[in-house]
Amino acid sequence: MTTSLGPPSSEEATGLEAPPSLRVLDRPRLRRLLVLVFMLALIVVLLAPLTATDQADSLGVPQLVDRSQIRILTTIAMFVVMASAWNLVGGLTGYSSFGNVAFFGLGAYTCAVAVDAHRLHLPMAAAIALAPVIPAAFATLVGLPLLRLRGHYFAIATLGTAVAVGEVVKNIDYLGGATGLFPPILHRADLLFLYMMVGAALLAVLVSRLILRSRFGYGLIAIRENEEAAGVIGVNTTAYKVGAFAVAAALTGLAGGVFAVWNSFINQELGFSLDFNIQMILMAVLGGAGTLFGPVLGAIVLELLIQNLAGRSDVAVYAQIGLGLLLAVTVIFVPRGIIAFFGGGSRLSLTHLRRSLRETGV
Amino acid sequence: MMGGTTRFTGVLSLAAVLALACGGAGGGGAAATTTTGEDLVIGVPMSITGSQSKEGALAKQGYDMWLQWINQQGGINVKSVKHKVQLKYEDDTSKADISAQLTQKLITEEKAQFLLGPYGSATTASDAVVAEKNSIPMVEGNGAAQAIFSQGYKYVFGVLSPANVYLTGVLDMAATLSPKPATVAMLAADDNFSQEVAKAVTEYAPSKGFQIVYSDKYPNGSTNLSGLVANAKARNPDIVLNSGHLQEAIAIHKAAKDLKLDAKLSAYSVGPSTPDYIVALGKDANYVFDGSQWTPQVKYTPAFYLTVQDYVASYKKQFNTQDDPDYHVAESTAACLALQKAIENAGSLKPDKVRDALAALNVTTFFGQIKFDSRGINTFKPMVVEQIQDGKHHTVWPSSVADTKPQYPTPSWSNR
Amino acid sequence: MQLFLQQVVLGLLIGGVYVAVAIGFSLVWGILNIVNLAHGALVIVGAYLTWLLFARARLDPFLALPIVAVALFAFGYALQRALINRVIRAPLFFTLLLTFGVNLVIVNALLVIFKSDFRSVTPGYSGSGFGIAGVQVPYIRLAALGVAVVVAVAVGWLLNRTRTGAAIQAVGADRDAARLVGIDLRHVYALTFAVAAACAGVAGGLISTIQAITPTAGEPYTLQAFVVVVLGGLGRVGATVVGGLVFGMVETLGQTMVPGLGAGWANAIAFAILVLVLVVRPQGLMGRIA
Numbered sequence: 000m001t002t003s004l005g006p007p008s009s010e011e012a013t014g015l016e017a018p019p020s021l022r023v024l025d026r027p028r029l030r031r032l033l034v035l036v037f038m039l040a041l042i043v044v045l046l047a048p049l050t051a052t053d054q055a056d057s058l059g060v061p062q063l064v065d066r067s068q069i070r071i072l073t074t075i076a077m078f079v080v081m082a083s084a085w086n087l088v089g090g091l092t093g094y095s096s097f098g099n100v101a102f103f104g105l106g107a108y109t110c111a112v113a114v115d116a117h118r119l120h121l122p123m124a125a126a127i128a129l130a131p132v133i134p135a136a137f138a139t140l141v142g143l144p145l146l147r148l149r150g151h152y153f154a155i156a157t158l159g160t161a162v163a164v165g166e167v168v169k170n171i172d173y174l175g176g177a178t179g180l181f182p183p184i185l186h187r188a189d190l191l192f193l194y195m196m197v198g199a200a201l202l203a204v205l206v207s208r209l210i211l212r213s214r215f216g217y218g219l220i221a222i223r224e225n226e227e228a229a230g231v232i233g234v235n236t237t238a239y240k241v242g243a244f245a246v247a248a249a250l251t252g253l254a255g256g257v258f259a260v261w262n263s264f265i266n267q268e269l270g271f272s273l274d275f276n277i278q279m280i281l282m283a284v285l286g287g288a289g290t291l292f293g294p295v296l297g298a299i300v301l302e303l304l305i306q307n308l309a310g311r312s313d314v315a316v317y318a319q320i321g322l323g324l325l326l327a328v329t330v331i332f333v334p335r336g337i338i339a340f341f342g343g344g345s346r347l348s349l350t351h352l353r354r355s356l357r358e359t360g361v
Numbered sequence: 000m001m002g003g004t005t006r007f008t009g010v011l012s013l014a015a016v017l018a019l020a021c022g023g024a025g026g027g028g029a030a031a032t033t034t035t036g037e038d039l040v041i042g043v044p045m046s047i048t049g050s051q052s053k054e055g056a057l058a059k060q061g062y063d064m065w066l067q068w069i070n071q072q073g074g075i076n077v078k079s080v081k082h083k084v085q086l087k088y089e090d091d092t093s094k095a096d097i098s099a100q101l102t103q104k105l106i107t108e109e110k111a112q113f114l115l116g117p118y119g120s121a122t123t124a125s126d127a128v129v130a131e132k133n134s135i136p137m138v139e140g141n142g143a144a145q146a147i148f149s150q151g152y153k154y155v156f157g158v159l160s161p162a163n164v165y166l167t168g169v170l171d172m173a174a175t176l177s178p179k180p181a182t183v184a185m186l187a188a189d190d191n192f193s194q195e196v197a198k199a200v201t202e203y204a205p206s207k208g209f210q211i212v213y214s215d216k217y218p219n220g221s222t223n224l225s226g227l228v229a230n231a232k233a234r235n236p237d238i239v240l241n242s243g244h245l246q247e248a249i250a251i252h253k254a255a256k257d258l259k260l261d262a263k264l265s266a267y268s269v270g271p272s273t274p275d276y277i278v279a280l281g282k283d284a285n286y287v288f289d290g291s292q293w294t295p296q297v298k299y300t301p302a303f304y305l306t307v308q309d310y311v312a313s314y315k316k317q318f319n320t321q322d323d324p325d326y327h328v329a330e331s332t333a334a335c336l337a338l339q340k341a342i343e344n345a346g347s348l349k350p351d352k353v354r355d356a357l358a359a360l361n362v363t364t365f366f367g368q369i370k371f372d373s374r375g376i377n378t379f380k381p382m383v384v385e386q387i388q389d390g391k392h393h394t395v396w397p398s399s400v401a402d403t404k405p406q407y408p409t410p411s412w413s414n415r
Numbered sequence: 000m001q002l003f004l005q006q007v008v009l010g011l012l013i014g015g016v017y018v019a020v021a022i023g024f025s026l027v028w029g030i031l032n033i034v035n036l037a038h039g040a041l042v043i044v045g046a047y048l049t050w051l052l053f054a055r056a057r058l059d060p061f062l063a064l065p066i067v068a069v070a071l072f073a074f075g076y077a078l079q080r081a082l083i084n085r086v087i088r089a090p091l092f093f094t095l096l097l098t099f100g101v102n103l104v105i106v107n108a109l110l111v112i113f114k115s116d117f118r119s120v121t122p123g124y125s126g127s128g129f130g131i132a133g134v135q136v137p138y139i140r141l142a143a144l145g146v147a148v149v150v151a152v153a154v155g156w157l158l159n160r161t162r163t164g165a166a167i168q169a170v171g172a173d174r175d176a177a178r179l180v181g182i183d184l185r186h187v188y189a190l191t192f193a194v195a196a197a198c199a200g201v202a203g204g205l206i207s208t209i210q211a212i213t214p215t216a217g218e219p220y221t222l223q224a225f226v227v228v229v230l231g232g233l234g235r236v237g238a239t240v241v242g243g244l245v246f247g248m249v250e251t252l253g254q255t256m257v258p259g260l261g262a263g264w265a266n267a268i269a270f271a272i273l274v275l276v277l278v279v280r281p282q283g284l285m286g287r288i289a
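Protein chains in written order, with numbering that gives the first Met the number 0: chain A, 0 to 361; chain B, 0 to 415; chain C, 0 to 289.
Hints are computed from structural coordinates only; laboratory data are not their basis. Built from N, CA and C at the ideal position, the CB exists for glycine as well. One thing to keep in mind: the hints can contain errors.
What the hints assert, rightly or not - Straight-line Cα separation of at most 16 angstroms, EDC-like style, residue types lysine to aspartate or glutamate; simulated pairs:
#1 B/Lys110 to A/Asp65
#2 B/Lys153 to B/Glu131
#3 B/Lys198 to A/Asp172
#4 B/Lys298 to B/Asp402
#5 B/Lys87 to B/Glu109
#6 B/Lys53 to C/Asp175
Said to hold, decoys possible - One side of the interface only, derived from the structure: several residues of chain C facing chain B at Cβ under 7 angstroms:
#7 Gly126
#8 Asn159
#9 Thr163
Next up, chain A with everything else stripped away, as it sits in the complex (with noise of 0.2 angstroms):
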């Protein structure tokens, strides 16, 4: 009934495909030497910080880093979290939530609260490790409910929810209110904040990994194929949907906790910021929603893109009409978003891009 997103299906690989010529990403070598080259590059930039601590300067290494660069690593590895866990429920499982950043916020706020002096005055590595536990006791509670929900009810419902429980924690003086909360500054501690947000980021891709070669993978792609038949062959479709709903709601809480830390300041405007939302689903998106890199690689080109436009009032305008754009194009042109250039099959051709046009339209 609807084009489905994620790896080919093999109905699509019938039909016409262009000359061999033209695909080249097609070929197996071609394809494991770029996700090497990808792999040696990842590895050398999570490594590159090192050279920025005080060991390294006393062994004469050369600074490959500044501050400003790992802020923006930092920043990029928050969005794979988040842009990975969104995969799970609006990509796997066909569920296109809209308030995803609700959890971000709540993970925040349980973390900045535990570690607050006034507060709870908990070590931050409690703090942090209790942030996915509120996000996903939430999620559960209002999944339950929410998840019977399809399509666009599901969308507003859920961007609904985001909205009320910042709105909510915007006038509750224990959380803040109005003014935030300040976890205090750690000073020094670039690299831990980094290395935090990247280890999330693993796991969050780990999860993802473990998720999609598991039963329970394949049953949310299953409840996002076809959830009456799905339900028919025996999955637990409430309590898949609710599963991964909590499991992206963990991991988005743990990119909260680690961010409020990391910025020593949280308010609702930060913690529940309708621009990370609509980000980390852009992403998801853009890179190739249903697929284990895609969210990874949309969150990457994504993130530097809007970096290195930040700070130029002359293009600001530009570059969100530029993103506009983009979008639409994205939409209409790649469905599948950028991983699908580098998956079997290539999507070069231009009559797949004819034929997926054809499919869409009316």
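Given the coordinates of chain A, work out where chains B and C should sit on it, guided by the hints.
Just chains B and C now, with coordinates in the frame of chain A:
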């Protein structure tokens, strides 16, 4: 920075030799010769676009006014070496997370040695964290929420009066008017700045003999406030106060006209001081008061930089306008002046020395007294009360700086 | 008692504006199954157009409304035909993302043209009204309610009493069957969106007389349109009218008449209601299950 210091020392020595030579040869006056050192880079994350772009534009005007003036003087004088100033702006699109990232970028990649504050309390809070982490002094004039200054930060300084005194001046003035108003309705947006203003009013009013008959908060950025205004009207307040921003100040006043809420005194924080307010409301804006950080009618005698009149004239010339500078412009210039004076006093460009000089600063400028309390905010400068009379702003309180008397009581809507 | 009546009146009057905003949104959702995230942007375009005509041509805003309607009609037709038609059958969040992208483009284009200054349409009679038993009824808001009712009636008439309307409803009911009967889907889709855009433009014109506008001022209206449509129910124009008026009253009364709950909770309440209705009675007060 190594190359710079060596070159700087070289230039200084050369200058010293030349000075001696000149002194020996001509016997001319012992004028102190200043040399020119490296440019001083100051980073400014600012909302040039985005939801706060209007206020950000005003703040930028304030910074640019000082920039033009200081560079005309040859730069900041640090122990007889003048450093021209470069202000590096980055547009944070009014978003706090982007502002923090850009602040870090300004420090690390654009080599900003000091920072001037962004617009707005949330962005200032985020950027303050970055300034603290990097031990770079940040002087701001556009974020008045006290919470920023209760965190024990050592490198953040605010030249403006804190949020809690925004409207207390209006109450002080009201207490002197006759017939003395008795009841107050306090409406406030739910952002932290507005809430601090409102809380202060609620606590202060009884001490002046006022009774709060209605108090409520509304979501920031609301456009439909008629219900609230109707509620306020039902309680018959003599004084209607609003703590919010421009959009709400306009909406509430329109609703007051729609519903015929005839208060004897209407005062709003933020909003009436901007030219947009009079443009949006026309004649209806008359009689409205606002609490202001500064007006062109104040009478401070500055220790340096321009006098109040010269500042106003210079503003009109530089930006080719007939409008007076609004207080957002002035408080931004004041932030620059504080930084400049602290650098001069410290005789050094080292962040820690300048930081200490800021903490010890006590100087009067066209903006008023600039002195920071132990938290880093300027509690020593009083707020002023303005009123819009016949489409023009006038300062009406305190009487030491007032240029005319307040028009009170406000005539009812049907009588205008 | 007088205060209560005043609040009810205010609620109804603002409800009229909500109805105007939501009618187009409901049409697009009901017939095209598209949740148009750019709806608020279309409203604001209408508002700016009205302001332009008022500021440059001294045209009374209410007289400008038909012009705005025609302009937005053309724009909406083009938009649907060129862009949105291409993703109608794609999974839902593609259309959401596409309309989100369109929203970004429109709002930022407005920012480039008009900057973020606040504009207001203030004809000579703004602020005046009449009073009945101490309850104030401002003229402009009353006129806005009137226009909204006219728009609702017009759309209802279009849908129920014209051939075009029949075609639109047919397409909404069963797309493939409609195509089989020879209805030009692309044209009818575009027509539907065009009508919706025209309604949005008129709503924008009304809004420009009531509040100060700026390019980003349309966003809350998209969300409010959601709530109204969900509350009233998808499907019939009457449902949207009910939803709009009810929401206007609930918002106003909830903000002001519930003791202990300040207006600061307004947004939280609105969304809580939204979620509650979605979960408990997704077809809304009056609609059919979509």
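Identify whether the interface hint at C/Thr163 stands, where standing means a beta carbon of chain B within less than 7 angstroms of its own.
-> At 35 angstroms from the nearest chain B Cβ, C/Thr163 fails the 7 angstroms test, so the hint is violated.
Quick one, are B/Lys153 and B/Glu131 close enough, alpha carbons at most 16 angstroms?
-> holds (7 angstroms)
Between B/Lys53 and C/Asp175, does the CA-CA distance stay at or below 16 angstroms?
-> violated (51 angstroms)
Within a Cα-Cα threshold of 16 angstroms, do B/Lys198 and A/Asp172 meet the stated pairing?
-> Holds: B/Lys198 and A/Asp172 sit about 13 angstroms apart, inside 16 angstroms.
Hint status (Cβ of C/Gly126 to nearest Cβ of chain B, threshold 7 angstroms) = holds (4 angstroms)
If you draw a straight line from the CA of B/Lys298 to the CA of B/Asp402, is it 16 angstroms or shorter?
-> Answer holds: B/Lys298 to B/Asp402 is near 10 angstroms, not above 16 angstroms.
Is the hinted pair B/Lys87 and B/Glu109 satisfied, with a Cα-Cα distance of at most 16 angstroms?
-> holds (8 angstroms)
For the pair supplied as a hint, B/Lys110 and A/Asp65, confirm whether the alpha-carbon distance does not exceed 16 angstroms.
-> holds (12 angstroms)
Tell me if C/Asn159 is really an interface residue toward chain B, meaning its C-beta lies closer than 7 angstroms to one of theirs.
-> violated (32 angstroms)
Against the hints set out earlier in the document, violations occur for numbers 6, 8 and 9.
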